[in-house]
Amino acid sequence: MSFISYLINGISLGSVYAIIALGYTMVYGIAKMLNFAHGDVIMIGAYVVMTAVTGMGLPPAAAILIAVIFCTVLGIVIESVAYRPLLNAASSLAVLITAIGVSYLLQNIALLVFGANTISFPNVLSIPALSLAGGELTITGEAFITIVSCIVIMIALTLFIHKSKAGQAMLAVSEDKGAAQLMGINVNGTIALTFAIGSALAAIAGVLLCSAYPTLTPYTGAMPGIKAFVAAVFGGIGSIPGAFIGGLLLGIIEVFGKAYISSQMADAIVFGVLILILIVKPTGILGKNIQEKV
Amino acid sequence: MKNMKKMNKMTRDNLITYLMVFVLFLVMQILVSSGNVSSLLQGLLVPLCAYIILAVSLNLTVGILGELSLGHAGFMCVGAFTSAFFSKCMVNTIPIAGVRYFLALLIGAAAAGICGILVGIPVLRLKGDYLAIVTLAFGEIIKNIMNILFIGRDSAGFHFSTTDARALGLLEDGEIIINGPQGITGTPKDSTFAVGVILIFVTLFIVLNLIHSRSGRAIMSIRDNRIAAESVGINITKYKLMAFSVSAALAGVAGVIYAHNLANLMAQPKNFGYNMSIMILVFVVLGGIGNIRGSVIAAIILTLLPELLRGLNDYRMLIYAVVFIAMMLFNWSPKAIAWREKYAAKLKRGKKKEV
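Chains G and D supply the protein sequences, listed in that same order. 1 is the number of the first residue of the first sequence in our numbering; add one for each residue after it. 1 is the number of the first residue of the second sequence in our numbering; add one for each residue after it.
Hints are computed from structural coordinates only; laboratory data are not their basis. One or more hints might be untrue.
[Said to hold, decoys possible] Which residues of chain D face chain G? A partial, calculated answer using Cβ under 8 Å:
#, residue
1, 126
2, 140
3, 147
4, 274
5, 317
6, 318
7, 332
8, 335
[Said to hold, decoys possible] With a cut-off of at most 25 Å between alpha-carbon atoms, the simulated BS3-like pairs for lysine-lysine come out as follows:
#, chain 1, residue 1, chain 2, residue 2
9, G, 288, G, 177
10, G, 32, G, 288
11, G, 32, G, 163
12, G, 258, D, 270
13, D, 346, D, 335
14, G, 32, D, 335
15, D, 238, G, 281
16, D, 335, G, 177
17, G, 32, G, 165
18, G, 281, G, 32
19, D, 9, D, 348
20, G, 288, G, 163
[What the hints assert, rightly or not] The calculated label-pair distances, taken between Cβ atoms and stated as ranges, are:
#, chain 1, residue 1, chain 2, residue 2, range
21, D, 106, G, 261, 34 to 44 Å
22, D, 19, G, 116, 34 to 44 Å
23, G, 113, D, 209, 44 to 54 Å
24, G, 189, D, 8, 46 to 56 Å
25, G, 80, D, 8, 44 to 54 Å
26, G, 115, D, 335, 29 to 39 Å
27, G, 263, D, 93, 36 to 46 Å
28, D, 185, G, 115, 30 to 40 Å
29, D, 209, G, 116, 40 to 50 Å
30, D, 308, G, 116, 17 to 27 Å
31, D, 340, G, 264, 43 to 53 Å
32, G, 171, D, 18, 51 to 61 Å
33, D, 341, G, 263, 53 to 63 Å
Virtual Cβ for every residue (Gly too), placed ideally from N, Cα, C.
Go ahead and model the full structure; you've got the sequences and the hints to work with.
Okay, structure coming up:
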């Protein structure tokens with residue numbers, strides 16, 4: 001039974017990684033940039049929920065909605081102020097480094113407003129644990145909600161991209177920016193929309209992450225952010241189903257590594273598997289092989 | 001001055017870089033000996049040397065080879081721990097600090113260089129951002145391993161463990177050398193500012209000479225057009241590996257300087273983690289990708305800036321972040337570049353009219 005409960009823990013952690021990885025992979029697919037500030041948007045989202053629940057006494061659902069709206073606006077502002085001027089810069093490294101600057105900025109704002117102390121995150125997802133197999137196997141309410149919301153988000157996002165006009169525009173921009181512009185697609189608007197969706201997902205991921213591990217510091221988002229980036233690479237960066245599969249696999253590997261091999265070596269195992277995958281299949285599990293033209 | 005003009009531009013550029021480091025060293029020495037430097041700033045001088053070497057060596061990878069490395073702190077970590085391990089073991093065997101330090105430097109550089117080759121062989125055959133991701137993973141793995149590694153020594157030889165210090169089963173005369181998360185305590189403090197500056201010169205000499213050699217031109221041709229370089233018969237993997245392993249070995253040298261300045265060497269996220277790698281990359285990009293002198297200047301300014309802003313207390317890192325983003329936008333945004341050029345052209349015209 002412990003194997004199955006580890007598996008469920010892994011899937012639950014992996015679902016959080018998958019939701020964060022979606023933000024990375026969508027932004028990479030469209031703007032061809034690694035948004036290193038993504039992990040810090042998660043942290044900001046969690047702080048907003050905490051303030052709304054413990055500070056203003058709002059019901060959890062309203063708090064989560066506020067956090068999603070706040071992060072969406074934050075994502076659009078970051079994109080238009082810090083990233084858009086640099087998207088056509090001579091070196092693609094410039095925008096990456098600016099993202100690191102934004103990450104510093106968000107961490108230090110949180111540090112000033114909320115302080116460096118660890119804050120315990122309020123219990124916003126109060127759902128009783130599921131008990132299966134005669135009480136031998138329990139799924140916590142948080143794990144259940146996390147897995148369900150990840151599946152819902154995946155389905156909704158896939159539908160949005162393939163059925164709606166804005167989603168089609170995203171695909172077009174990721175395929176060929178210049179051609180998309182000639183077809184009358186608002187490229188800047190589409191990129192802003194991508195950032196908005198990614199940041200909204202980051203807010204949800206922040207709530208799920210902090211419900212599972214209820215502590216919050218200004219650096220909470222950094223490590224899950226890197227791991228989710230690894231998950232996105234794992235599944236093939238730029239691919240949405242890839243982010244889902246990569247996230248789940250990463251979560252399962254991490255939990256199993258902690259349980260069966262060594263709890264302190266978990267990070268080394270995760271990154272070791274990443275290196276192995278990249279050596280065997282450099283584009284990731286679902287990545288497309290692009291032929292180089294001379 | 002006539003001689004200066006006769007020299008070609010390359011030699012003059014290199015001389016300016018060397019001269020700049022030398023003048024800065026003299027100025028700092030005079031300030032320190034006249035007591036005008038706070039103790040905090042004095043404590044920063046040796047790490048500053050390590051950071052400059054890191055920035056220059058990373059620029060070799062990012063600017064000259066054109067590959068992104070996000071795990072440079074990992075190579076620094078390898079250099080730091082192997083050399084500190086060596087120095088601590090040899091404190092009694094080799095009593096002369098200079099000889100011991102020299103050997104530690106060689107060992108640290110060799111260990112980091114070998115790691116660079118091991119990471120590079122599979123990855124540098126691929127194209128794209130893979131080196132960035134794999135080096136990121138490498139840095140995290142090294143940091144993780146250093147946090148669980150226990151090594152002790154007694155009369156029966158060395159003992160290894162990955163669980164805790166007691167599992168080493170040391171005899172009574174034994175001592176713990178690497179103590180897991182507590183790291184290495186009591187490394188001899190052999191690094192001084194002067195030694196650091198000498199090593200900066202050595203690094204600059206190696207990197208600048210490599211860039212302007214036949215190999216360096218081959219490396220840059222790979223950066224500019226991989227297919228064209230391959231078609232004129234340049235062995236791509238060999239030259240990529242050469243640049244990357246030299247860069248890794250120099251990061252190891254920086255690690256040696258860093259380790260021999262600390263009484264207590266620990267592999268924490270803040271000194272050997274991902275953030276440190278990013279910090280070095282920031283030096284390189286802000287100083288100008290491919291511009292070695294720029295890396296030196298950026299490393300100096302960005303290391304000293306938080307200290308100079310200390311008076312602003314809580315707001316200093318916030319202001320640092322804002323200044324940082326603004327500098328990036330000003331340096332790299334196509335619109336800002338166009339505006340600067342327009343302004344510079346106006347200034348020039350204005351001057352001509354005055355004449």
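Each hint tested on the structure:
no. : hint                      : result
1   : 126                       : 5 Å, holds
2   : 140                       : 5 Å, holds
3   : 147                       : 7 Å, holds
4   : 274                       : 6 Å, holds
5   : 317                       : 5 Å, holds
6   : 318                       : 4 Å, holds
7   : 332                       : 4 Å, holds
8   : 335                       : 6 Å, holds
9   : G:288 - G:177             : 18 Å, holds
10  : G:32 - G:288              : 15 Å, holds
11  : G:32 - G:163              : 23 Å, holds
12  : G:258 - D:270             : 24 Å, holds
13  : D:346 - D:335             : 17 Å, holds
14  : G:32 - D:335              : 20 Å, holds
15  : D:238 - G:281             : 22 Å, holds
16  : D:335 - G:177             : 19 Å, holds
17  : G:32 - G:165              : 21 Å, holds
18  : G:281 - G:32              : 20 Å, holds
19  : D:9 - D:348               : 23 Å, holds
20  : G:288 - G:163             : 22 Å, holds
21  : D:106 - G:261: 34 to 44 Å : 35 Å, holds
22  : D:19 - G:116: 34 to 44 Å  : 43 Å, holds
23  : G:113 - D:209: 44 to 54 Å : 50 Å, holds
24  : G:189 - D:8: 46 to 56 Å   : 51 Å, holds
25  : G:80 - D:8: 44 to 54 Å    : 46 Å, holds
26  : G:115 - D:335: 29 to 39 Å : 38 Å, holds
27  : G:263 - D:93: 36 to 46 Å  : 37 Å, holds
28  : D:185 - G:115: 30 to 40 Å : 31 Å, holds
29  : D:209 - G:116: 40 to 50 Å : 46 Å, holds
30  : D:308 - G:116: 17 to 27 Å : 22 Å, holds
31  : D:340 - G:264: 43 to 53 Å : 51 Å, holds
32  : G:171 - D:18: 51 to 61 Å  : 53 Å, holds
33  : D:341 - G:263: 53 to 63 Å : 57 Å, holds
The structure meets every hint from the earlier list without exception.
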